[in-house]
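> Going down the list, the protein sequences come from chains A and B. If you count by the working numbering, then the first sequence holds residues 1 to 329, one letter each, in order. If you count by the working numbering, then the second sequence holds residues 1001 to 1639, one letter each, in order.
It is possible that part of the hints are untrue.
Said to hold, decoys possible - Derived DSS-like pairs: lysine-lysine, alpha-carbon spacing no greater than 30 Å straight-line:
no.: 1; chain 1: B; residue 1: 1397; chain 2: B; residue 2: 1544
no.: 2; chain 1: B; residue 1: 1145; chain 2: A; residue 2: 314
no.: 3; chain 1: B; residue 1: 1022; chain 2: B; residue 2: 1233
no.: 4; chain 1: B; residue 1: 1206; chain 2: B; residue 2: 1022
no.: 5; chain 1: A; residue 1: 314; chain 2: B; residue 2: 1207
no.: 6; chain 1: B; residue 1: 1213; chain 2: A; residue 2: 314
no.: 7; chain 1: B; residue 1: 1022; chain 2: B; residue 2: 1194
no.: 8; chain 1: B; residue 1: 1206; chain 2: B; residue 2: 1233
no.: 9; chain 1: A; residue 1: 314; chain 2: B; residue 2: 1397
no.: 10; chain 1: A; residue 1: 314; chain 2: B; residue 2: 1120
no.: 11; chain 1: A; residue 1: 55; chain 2: B; residue 2: 1207
no.: 12; chain 1: A; residue 1: 314; chain 2: B; residue 2: 1445
no.: 13; chain 1: B; residue 1: 1207; chain 2: B; residue 2: 1233
no.: 14; chain 1: A; residue 1: 142; chain 2: A; residue 2: 153
no.: 15; chain 1: B; residue 1: 1397; chain 2: A; residue 2: 55
I should point out that these hints are in silico values taken from the structure, not numbers from a laboratory.
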Amino acid sequence: MTMPATQCLIRLHQEHHSLEDYQGGVPRWCSGCGDNAILAAIQRVCRDEDLRPEKTMFVSGIGCSSRLPHYMKTYGFHGIHGRAFPVAEGIKMARPDLHVFVNTGDGDCCSIGAAHWIHAIRYNMNMTVMLHDNHVYGLTKKQASPTSPLGLKSNTTPRGSQLAALNPLSVTLGVQNVSFVAQAVDWVPEVMYDIMSAAFRHRGFSFVRIIQRCPEFLPKMFEPWLHDPQKTLLLSHKDGLQISAGLSKTYRNQQEHDPSNIDRAREIASLEDPLPVGILYRNPQVPCYEDLRHPAQMRTPEFIRAGFEAELDKVTVWPDQDAQTQRAA
Amino acid sequence: MNDTLTADSGVGRKTSPTRETKKAVALAEHIVEVISDSGEGAQRCGQSLAAIAARMGNGIWTTEIIPAEIQPPARSVAGASGIRIRMGSRRVTNGGDETDVVVAFNEQVLLGRVQAGELKQGCTILLESMWREHRDPKIVASYAKVVDALANDGYRVCEVPLERECLTLVSDPRRGKNMFVLGMLCNIYSLDLKLGHEQIGRIFGKKDEKVIKSNQQLLDAGWQWAERNLDFKYRIPATRSAEPQIVVNGNTAIALGVLASGMEICAMYPITPATSASHFLSDVFERVGGIVHQAEDEIAACAFAIGASYAGKCAVTISSGPGISLKQEAIGLAVMAEIPLVVVNVQRGGPSTGQPTKVEQGDLLQACFGSHGDAPKVVIAPSSIEDCFYSIITARKIAETFNMVVVVLSDASLATAQQPFPRPRFSEDWLAPPVDQSPVPEGAKPYDWDPVTGLIRRFVPGQPGGMHTLTGLAHDRLSHVAYDPANNEEGLRHRSLKLAALQKTLKTPPVFGDPEGDMLVVGWGSTKGAIEEAVERLRAEGRKVSSLHLQFIQPMPSGIREIMQRFRQVIVVEANWSDSLEDQIIDESNRRYSALAMILRARTLVDIDCWSEARGQPIKPGAICAVVRERMKHGGTQQ
Ligand SMILES: Cc1ncc(C[n+]2csc(CCOP(=O)(O)OP(=O)(O)O)c2C)c(N)n1
Ligand code: SF4
């Protein structure tokens, strides 16, 4: 807190971070798990944005995906199932100076934490959210999740799930104050990186749904998309993703989409085949809750004392009338 | 109809025309209540009376009378809404027993209070008489019947033409009656009318001069009417304190405590009877740079507060029973990860939605043992309005020093009761320190538990070199997930040791009365005033009764067992459920003791008896006296 300005400047000059500055323990995910790719992408974002590790915060709930903070060398908060959003909101409210990232699973976010998800969109606090959507509960060993496709056989739905999948993009785009929605797939890391960078740079609640492979429990789930690039629709725009020539060779199914167009974003969100990848919506004008709530004045002890005494004055019985009139004068 | 004044004459039959001769009878204390249908302003009237009496230097304690429904039908027995004010020459510590003087705006709400046994036998009733001339003959008949019955039962019923008198001054008497009544009560209790005028100025301060004037006229008219028509007058001698006093209710005191503790963030979700604390905070907190966050639910409120606390700004979450149940999982996280957190539980009747507006001390066990696994947390219970204020400051301090969850157990009775206490003198020591952003020393670990006290030095985001991932999973000193048996027990041990370390700093609470005797009454929380008053009365009867009140319930200070051993009998008195041995199938082998009795029996191995009541009302000193007398009769020996 009390670092002299000169020292700060020196620090700023000195600090150029490498990937290692963000790499924590060795990830314990299954090999081939899409979470590994998400981790690699976000570590690159941190490095390229040159974030100070001590000012960077990864918050998660519970699930395979929520283990990600342990593999970062920043501050991390691996909390309880479904409550990553409110924890992250409390952190951001108390400390707007921190860069806050949230990692959450489809069970964590869309099931147990669904209420918080809806309201987090509405609060629009400045944080970058990665929804690791593997369409299944990984950590608890293969139960249906809200995003499981209809008919998915799992340990809790041995004869196939009975309900249609919830679409996290449509839901998010349906909530007031939505300000950033994107979709990535773990098997196209280049695009995932670009999307995460854009998400980080957006000031507000940046929601990135990442289709994430769970080879352990759903080894074949995304094969059609892996084998047929035509089943992926890349969204490009001068205000959105710019797609490299190399990538364009493989992914030829592309569409110009202006991320400021929410109606079109909602149409795209409901596409299942081809699967849209890119930035669906961005609106930098939506106010952030922490900005609306933060006091203009520094909270000095004198300031607090003055406010406190003023409140007491309203409810005080003074020993004698004279003293009261004196104070009033 | 001995003492009954008739409305028709407008003037009491028994009142003599020479007013000057009306002598004010000096009283040590009196209990007055003002009751009406909801929305007729009885509470405002009573609160103003209390404020005026407090400014005169009287001791006061107010108790709100809240109907069970939000919009009960008009003129219904269950719809009594209002306030009870106990005024005394000395400091008043509780609501007392039955009412001495009641002002009722209709006979039905009055009947409700009579049936509830809240009125003293033969007490004075000032009753709105407009119903006698009502268009509906059924109402007229009902009114007459109640008046006659009450008079026959020996109550002194004075019919007061409130409506008619107010109509001479205002067009809508429903909005002015309460100030007319305030004037009457000022007269009856010989209170300074000037203070009444000032009080009105305060209430309507934001409105225009005309409103203030008109209400002051009503006040004067009420005073005059009582002066001319009533044949009694009282005086409760008052001594003004040499120190400035503040008059607030418990929830406001809690909110002021939050303000003074330097906490910056309060996360909450509305729930009766806790909400008014957050209302007050929402209004004043932001003026000192604080934030009240109304979360989407209690789980989010608790998690939000935990996030803020973790990030370096100890936060508070305020709720009541059902909301606290929702917070329990997150409370466990704060315990496990050692994040400071202040949780205020303004208890209400339970289980489930229970009795939202009513008092009960039903959450002691969930406060101590709530959340899953072994989740040691600090539990403190304020026992007065003043305590509500200071306990928050203490709670914040303990939470941050020990990195623990501190639960503050208030209740619906403290929440709405008003009692003056010395104006706090602000101290900068109360405030939270600024967020530590200094670099973490080389080699320091986030959970470097002190082997003796279990204390750690927490690393806060922003501190260079302190990066680690906090987790609710079992972890080692580096905050790495660790499931091995030794590590798990190491964490459990150190989190538990912190309670012992705090306990070592606590003083044995003082005994009220002699340090030894025949009966020790033990209580916690809002019952303190009633218990101590009961002890005084019993001692005046020559009984060797004392009491002990616990502020810290977890950890519990040492020396409690030794105190108990100096008494032949020990009884816990609290406002929650316990089985009665009089029930046919209840015996010592299945009897469920009240919450504190259960804890104390386990901790002290003393054969402690208990008596509890969960009627949704503050326990009365008279009720405690009766129980103690009865239990003393049966003797009871104690090892
Ligand atoms: C309150 C609570 N309920 C249930 C669990 C068990 N649980 C842990 S993770 C999880 C679901 C994980 O699925 P998801 O969020 O999709 O994450 P994934 O493991 O697939 O990454 C469940 C049900 C828990 N830890 N806490
Ligand atoms: S179970 Fe699935 S989601 Fe979990 S680590 Fe393995 S592959 Fe990844």
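> The structure should be examined with respect to each hint, and the outcome stated for every one.
Hint check:
Between residue 1397 (chain B) and residue 1544 (chain B), the direct Cα distance comes to roughly 38 Å. Violation of the 30 Å bound is thereby established for this hinted pair. Distance check on the hinted pair: residue 1145 (chain B) and residue 314 (chain A) sit about 46 Å apart at the alpha-carbon level, beyond 30 Å; violated. For the hint pairing residue 1022 (chain B) with residue 1233 (chain B), the CA-to-CA distance comes to about 7 Å; that is within 30 Å, so the pair holds. A hinted pair counts as satisfied when its Cα atoms are at most 30 Å apart, and residue 1206 (chain B) with residue 1022 (chain B) does not qualify at roughly 38 Å.
Of the pairs offered as hints, the one joining residue 314 (chain A) and residue 1207 (chain B) holds, with about 17 Å between alpha carbons and a cut-off of 30 Å not exceeded. Simply put, residue 1213 (chain B) and residue 314 (chain A) have alpha-carbon atoms about 21 Å apart, close enough for the 30 Å limit, and the pair holds. Annotation: proposed proximity of residue 1022 (chain B) to residue 1194 (chain B) holds, straight-line Cα distance about 21 Å (limit 30 Å). Restraint check for residue 1206 (chain B) and residue 1233 (chain B): not satisfied, since their Cα atoms lie roughly 34 Å apart, outside the 30 Å limit.
The hinted pair formed by residue 314 (chain A) and residue 1397 (chain B) meets the criterion: a straight-line CA distance of about 27 Å does not exceed 30 Å. A C-alpha spacing of about 35 Å is found between residue 314 (chain A) and residue 1120 (chain B), which places the hinted pair above 30 Å, so the restraint is violated. Note on residue 55 (chain A) and residue 1207 (chain B): the hinted pairing is violated, with a Cα-Cα distance of about 50 Å set against a maximum of 30 Å. With a C-alpha separation of about 48 Å, the suggested pairing of residue 314 (chain A) with residue 1445 (chain B) is violated against the 30 Å cut-off.
Only pairs whose Cα atoms come within 30 Å are accepted, and residue 1207 (chain B) paired with residue 1233 (chain B) is rejected, the gap being roughly 33 Å. Distance hint between residue 142 (chain A) and residue 153 (chain A) is fulfilled; the C-alpha atoms sit about 9 Å from each other, no more than 30 Å. About 26 Å separates the Cα atoms of residue 1397 (chain B) and residue 55 (chain A), which keeps this hinted pair within 30 Å; it holds.
Checked against the numbered hints listed earlier, the structure breaks hints 1, 2, 4, 8, 10, 11, 12 and 13; every other hint is satisfied.
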